[in-house]
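S.K.: Could you build the full structure based on these sequences and the hints that come with them?
Taken in sequence, the protein lines are chains A and B.
Just so we're aligned: 49 in this note's numbering is position 49 of the first sequence, and the numbers increase by one with no gaps anywhere.
Just so we're aligned: 73 in this note's numbering is position 73 of the second sequence, and the numbers increase by one with no gaps anywhere.
Since the hints were derived computationally from the structure, they do not count as laboratory data.
Ideal Cβ positions, reconstructed from N, Cα and C, are used throughout, including at glycine.
Among the clues, some could well be false.
Unchecked claim - Computed from the model, here is a short list of chain B residues facing chain A with C-beta under 7 angstroms:
(1) 31
(2) 41
(3) 43
(4) 94
(5) 99
(6) 101
(7) 104
(8) 111
(9) 114
Stated by the list, open to error - Covered stretches of chain A (in silico footprint by chain B; criterion: 3 or more residues with CB under 8 angstroms from a CB of chain B, positions within the stretch not fixed):
(10) 33-43
(11) 53-64
(12) 67-78
(13) 81-94
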Amino acid sequence: KAGVTQTPRYLIKTRGQQVTLSCSPISGHRSVSWYQQTPGQGLQFLFEYFSETQRNKGNFPGRFSGRQFSNSRSEMNVSTLELGDSALYLCASSSGGATDTQYFGPGTRLTVL
Amino acid sequence: TQLLEQSPQFLSIQEGENLTVYCNSSSVFSSLQWYRQEPGEGPVLLVTVVTGGEVKKLKRLTFQFGDARKDSSLHITAAQPGDTGLYLCAGGRAGGTSYGKLTFGQGTILTVHP
Chain A
1 KAGVTQTPRY
11 LIKTRGQQVT
21 LSCSPISGHR
31 SVSWYQQTPG
41 QGLQFLFEYF
51 SETQRNKGNF
61 PGRFSGRQFS
71 NSRSEMNVST
81 LELGDSALYL
91 CASSSGGATD
101 TQYFGPGTRL
111 TVL
Chain B
1 TQLLEQSPQF
11 LSIQEGENLT
21 VYCNSSSVFS
31 SLQWYRQEPG
41 EGPVLLVTVV
51 TGGEVKKLKR
61 LTFQFGDARK
71 DSSLHITAAQ
81 PGDTGLYLCA
91 GGRAGGTSYG
101 KLTFGQGTIL
111 TVHP
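M.R.: Shown next, in the form of structure tokens:
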């Protein structure tokens, strides 16, 4: 079974631009969670989607948004990029139960100049 | 706030030594997952524990979930250079506002020298 895939793997943007990241979950998984990982803050939860609905959201500004499609693929968008948005963005998929194991993708490394 | 305190933050040891990484919280978690992460890559799952007092073994790695489900430990026996990496514990909770959210510890950077 194929794992979680994320595209692109690397991205360089300038301040003020917007970016869209994509995540394809493991086949059969209906839940996709997104995390931001930085050296100073570690892994922080952004949001989770299940069956095209956002079920949970972390403490990030409204510039961070996401969506999920009927095939469970998910995208996250960051508008008006700031230097502090530079991070490794990770998505994880699971079956959707509250305590189900999450399996992570390789991440997208975003650099904001 | 559900915090997971992970210690130590850094660990530098010689090949063949044993080590233990701790993950502690004041909150109860329904599940506890341990991951290992290489630089620039996503975390790779090592184990999931869900029952208080549960012990799981994965070759030279032993994982334990505390009886009260507030703490966990990872013990590595006879560490090898291939064990080098970032080890992360992550707790999950049941309940509507916790769906899809793992709370992560700060991580332990392990370096095993040949």
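S.K.: Run every hint past the structure and note whether it holds.
M.R.: We went through each hint and held it up to the structure:
no. : hint  : verdict
1   : 31    : holds, 4 angstroms
2   : 41    : holds, 5 angstroms
3   : 43    : holds, 5 angstroms
4   : 94    : holds, 4 angstroms
5   : 99    : holds, 4 angstroms
6   : 101   : holds, 5 angstroms
7   : 104   : holds, 4 angstroms
8   : 111   : violated, 17 angstroms
9   : 114   : violated, 27 angstroms
10  : 33-43 : holds (count 4)
11  : 53-64 : holds (count 3)
12  : 67-78 : violated (count 0)
13  : 81-94 : holds (count 4)
Hint compliance for this structure: hints 8, 9, 12 are broken, all remaining hints hold.
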